[in-house]
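Engineer: Next come the chains, spelled out residue by residue.
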Amino acid sequence: MQIQLGIATVLSPILSFVLIAAVGLRRPTVAKIISLTAATVSLVCASMLLLGVNDPAFKIQATWSWLMDDPSKFTIGLLLDPLSLVMLFVVSIISWLVQWYSLSYMEEDARQGKFFAFISLFCFAMMGFTIAPNLLQSFMCWELVGLGSYLLIGFWNHLPSAATAARKAFIVTRLGDVGFFIALLLAWTGLGTLDFGAMAGDAMSATWKAAIGGSDYGVWISIALFLAVAGKSAQFPLYAWLPDAMEGPTPVSALIHAATMVAAGVYLLARMSFVLVLGSEAAIMAWHGLAVIAMITALMSGAVAIVQSDIKRVFAYSTISQLGYMIVGIGTGAVAAGMMHLFTHAFFKALLFLTAGAFIHAAHSNSITDIARAGGAKLKLPMMALFVGSMALMGFFPFAGFYSKDAILEHLFVEGDWILFGMALLGVFITAYYTSRVIYLMLKVPAEPHQGHGDEHGHGHGLHLGSWMKLPLGFLAFASLVAGNVWLWKAHNWFVIPEAEHGNAALITALVSTAIAAAGAFYSARVFYWRTSADPMASMTGFATLLREKWYLDDAYWAIVHNFYLPITAFLQKVETIIVKGALDGIGTVSMTFARGFARAQTGEVQHYLGMSFVVVAAVVLILMSR
Amino acid sequence: MSLSAYLILSAVLFLFGAFGMMERRNMVGLLISIELMLNAASINFMAFNHFLYPGTVTGQIMTLFVIGLAAAEATLFLAIVFAVYRHYRSINVERVDHLRG
Chain A
1 MQIQLGIATV
11 LSPILSFVLI
21 AAVGLRRPTV
31 AKIISLTAAT
41 VSLVCASMLL
51 LGVNDPAFKI
61 QATWSWLMDD
71 PSKFTIGLLL
81 DPLSLVMLFV
91 VSIISWLVQW
101 YSLSYMEEDA
111 RQGKFFAFIS
121 LFCFAMMGFT
131 IAPNLLQSFM
141 CWELVGLGSY
151 LLIGFWNHLP
161 SAATAARKAF
171 IVTRLGDVGF
181 FIALLLAWTG
191 LGTLDFGAMA
201 GDAMSATWKA
211 AIGGSDYGVW
221 ISIALFLAVA
231 GKSAQFPLYA
241 WLPDAMEGPT
251 PVSALIHAAT
261 MVAAGVYLLA
271 RMSFVLVLGS
281 EAAIMAWHGL
291 AVIAMITALM
301 SGAVAIVQSD
311 IKRVFAYSTI
321 SQLGYMIVGI
331 GTGAVAAGMM
341 HLFTHAFFKA
351 LLFLTAGAFI
361 HAAHSNSITD
371 IARAGGAKLK
381 LPMMALFVGS
391 MALMGFFPFA
401 GFYSKDAILE
411 HLFVEGDWIL
421 FGMALLGVFI
431 TAYYTSRVIY
441 LMLKVPAEPH
451 QGHGDEHGHG
461 HGLHLGSWMK
471 LPLGFLAFAS
481 LVAGNVWLWK
491 AHNWFVIPEA
501 EHGNAALITA
511 LVSTAIAAAG
521 AFYSARVFYW
531 RTSADPMASM
541 TGFATLLREK
551 WYLDDAYWAI
561 VHNFYLPITA
571 FLQKVETIIV
581 KGALDGIGTV
591 SMTFARGFAR
601 AQTGEVQHYL
611 GMSFVVVAAV
621 VLILMSR
Chain B
1 MSLSAYLILS
11 AVLFLFGAFG
21 MMERRNMVGL
31 LISIELMLNA
41 ASINFMAFNH
51 FLYPGTVTGQ
61 IMTLFVIGLA
71 AAEATLFLAI
81 VFAVYRHYRS
91 INVERVDHLR
101 G
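Top line first, the protein sequences correspond to chains A and B. Number 436 in the working numbering belongs to position 436 of the first sequence; there are no gaps in the numbering. Number 61 in the working numbering belongs to position 61 of the second sequence; there are no gaps in the numbering.
Hints in this document: simulated from the structure, not taken from any laboratory. Where is the CB? At the ideal position from N, CA and C, for every residue including glycine. Some hints here could point you the wrong way.
[To be verified] Here are a few chain A residues that face chain B, going by a calculated C-beta distance under 10 Å:
#1 A599
#2 T603
#3 G604
#4 V606
#5 Q607
#6 L610
#7 G611
#8 F614
[As the list claims (entries may be wrong)] Ranges between beta-carbon positions, derived for each pair:
#9 A/K581 - B/R86: 45 to 53 Å
#10 B/V57 - A/Q607: 32 to 40 Å
#11 B/I8 - A/A619: 18 to 26 Å
#12 A/V590 - B/T75: 44 to 52 Å
#13 B/E23 - A/I587: 41 to 49 Å
#14 A/A619 - B/T56: 30 to 38 Å
#15 A/T603 - B/T56: 41 to 49 Å
#16 A/V616 - B/H87: 23 to 31 Å
I would like the entire structure built from these sequences, with the hints used as guidance.
Structural biologist: As structure tokens, this is what we get:
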């Protein structure tokens with residue numbers, strides 16, 4: 001029964017994609033109905049599956065052999081366990097809400113059919129990745145997710161910036177995918193299996209420990225996977241693609257940032273976390289190293305978010321930062337905490353993006369000050385949603401982010417990992433600072449230089465909320481409020497959560513992090529709302545420039561491309577021109593010369609041919625007779 | 001009459017045919033020359049059969065084949081001549097030189 005439900009969940013989006021491609025591309029209404037129906041089927045099935053889980057050890061796996069008859073080699077199928085079902089639920093509910101929201105957001109677009117087809121494909125890819133029972137299927141769907149993101153980020157491909165952003169996302173994540181492929185090959189050659197269960201069971205065996213030159217297999221697979229995760233989940237040094245991905249339609253940004261694309265890397269880590277549980281000291285060291293990188297990423301990107309003026313880019317950098325937190329959680333061994341943050345973050349980040357989309361849709365601008373000038377603060381529901389989402393992002397009680405962020409902080413505290421703990425607290429401060437800044441800038445409307453008519457008209461001004469946007473915003477705001485509690489209420493059915501035996505750790509971290517977040521929000525208010533403090537960025541001009549230039553990461557990539565890659569390609573092109581092309585041209589020239597010579601013999605006159613054949617026959621006869 | 005007399009006749013006939021092939025520009029002339037060479041070959045067959053293997057009919061059968069072949073060949077050739085004439089308004093082989101390299 002569960003297997004049928006799982007199949008229905010995963011296959012309905014791809015069915016929707018095919019159907020829309022067949023009949024819906026030019027009929028937006030049909031496309032919308034198909035897409036929403038499929039999303040509803042997925043959501044219902046995924047919810048039923050998740051509700052049926054009462055035990056962390058729950059596991060159903062069904063596989064079919066693929067490519068080869070031997071089912072022990074390559075299989076595709078479903079792995080339904082709490083981890084995959086939680087993820088499946090998150091993906092299906094966020095994609096449902098996003099599609100519902102898109103009914104309004106995309107209503108003026110001429111290519112809605114294509115949009116919904118791509119969204120369906122994207123959801124299918126992510127769901128296929130989620131339920132993959134082995135690394136190979138993971139990898140295929142992982143690549144499909146990349147394709148889906150490429151298609152959606154570049155959906156408005158008439159804009160050069162969107163086309164460039166799509167290419168950038170594709171190429172940068174491809175760098176990470178090389179790591180995935182290496183991990184795949186290592187697992188296959190070293191362990192002889194790609195099945196997650198078999199690998200986990202094998203992890204203690206001699207095969208797993210067998211070395212490449214004496215070092216640990218698990219370590220190498222982990223490191224290769226980290227590269228993939230850095231690409232997909234936008235961690236240093238591969239996060240450069242994600243802010244540019246804002247060029248896509250906002251619902252797509254919400255989908256990518258909340259549940260699908262970037263969550264894939266975190267999910268992969270959670271899926272492979274058995275390496276951490278069973279692996280050697282070196283493996284634990286490697287994962288801890290990843291956690292450190294993720295923490296640094298979180299701080300770096302959080303700092304960049306402070307100086308962004310585009311509302312979507314603030315949230316984009318915030319996503320990188322929050323993904324860093326998830327990876328810190330998983331990398332230090334708190335898989336449940338990491339997944340909890342993924343779960344709650346999916347809701348409040350989807351909420352924030354959809355809210356940003358509502359503002360952008362109404363004000364026709366991405367800039368926070370433009371939206372504020374256009375009267376964005378008068379849109380009651382989006383303002384409420386922005387407030388709730390921001391509170392959750394900053395981690396205030398009782399919003400969802402409070403519980404999940406504290407779960408990670410508490411884990412770091414209990415582990416006694418003071419460096420990471422301190423950095424995480426600094427991250428909390430930065431998060432509160434840049435998140436509340438958005439709200440203050442929205443409320444504090446800057447004086448408009450040429451203020452004239454129309455300010456009082458309100459509704460007549462054209463600032464309105466799309467009618468299909470209300471339900472997703474309302475629901476997500478509600479979810480951002482309660483998702484943390486839902487998790488605490490249900491999670492013992494899904495994950496083995498260590499009992500809190502360390503007394504006051506939870507209370508201490510909760511108090512400390514709340515205090516720090518409040519300090520961040522308060523300082524931000526002094527700077528951006530009351531304007532009693534000077535903007536710290538004004539005094540630290542060098543640092544501010546560094547942030548505005550996004551740590552010069554993009555420039556570093558350009559420098560590498562210009563100074564290394566392009567000269568190499570230029571050199572190779574010369575080699576190609578001189579040697580390869582020269583050789584081919586030589587062959588051509590020689591044969592042409594000969595051909596021209598022989599062509600003279602062809603007069604076209606039949607009697608010359610006849611004469612020639614007489615001569616030849618006579619010569620042959622003479623030669624034969626002379627023997 | 002000896003075998004060599006027949007062979008000389010055949011050789012002369014063949015050379016006439018070959019000369020005609022080289023010399024004539026008219027396609028019908030070419031056809032006639034080809035017939036001459038074919039018939040020269042037929043005479044060879046008949047003569048060898050008669051003098052070397054008397055009592056057998058192998059040479060005659062060969063000759064019958066040649067006649068049949070010649071008939072078929074003439075048909076085809078004349079068809080080609082018609083086609084060439086329609087295309088070039090001439091049956092002079094010197095004007096048919098599309099194969100020139």
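Engineer: All the hints need checking, so say for each whether the structure fits it.
Structural biologist: Comparing the hints with the structure gives:
1. A599: 3 Å, holds
2. T603: 6 Å, holds
3. G604: 3 Å, holds
4. V606: 5 Å, holds
5. Q607: 6 Å, holds
6. L610: A/L610 check passes; min Cβ-Cβ to chain B is 5 Å, inside 10 Å.
7. G611: Result: holds, 6 Å to nearest chain B Cβ.
8. F614: 6 Å, holds
9. A/K581 - B/R86: 45 to 53 Å: 48 Å, holds
10. B/V57 - A/Q607: 32 to 40 Å: Holds - the Cβ-Cβ distance for B/V57 and A/Q607, about 37 Å, lies within 32 to 40 Å.
11. B/I8 - A/A619: 18 to 26 Å: 23 Å, holds
12. A/V590 - B/T75: 44 to 52 Å: Distance hint for A/V590, B/T75 holds at roughly 45 Å.
13. B/E23 - A/I587: 41 to 49 Å: Given range 41 to 49 Å: holds, Cβ gap about 43 Å.
14. A/A619 - B/T56: 30 to 38 Å: 33 Å, holds
15. A/T603 - B/T56: 41 to 49 Å: 45 Å, holds
16. A/V616 - B/H87: 23 to 31 Å: Holds - the Cβ-Cβ distance for A/V616 and B/H87, about 30 Å, lies within 23 to 31 Å.
Checked against the numbered hints given earlier, the structure satisfies every one of them.
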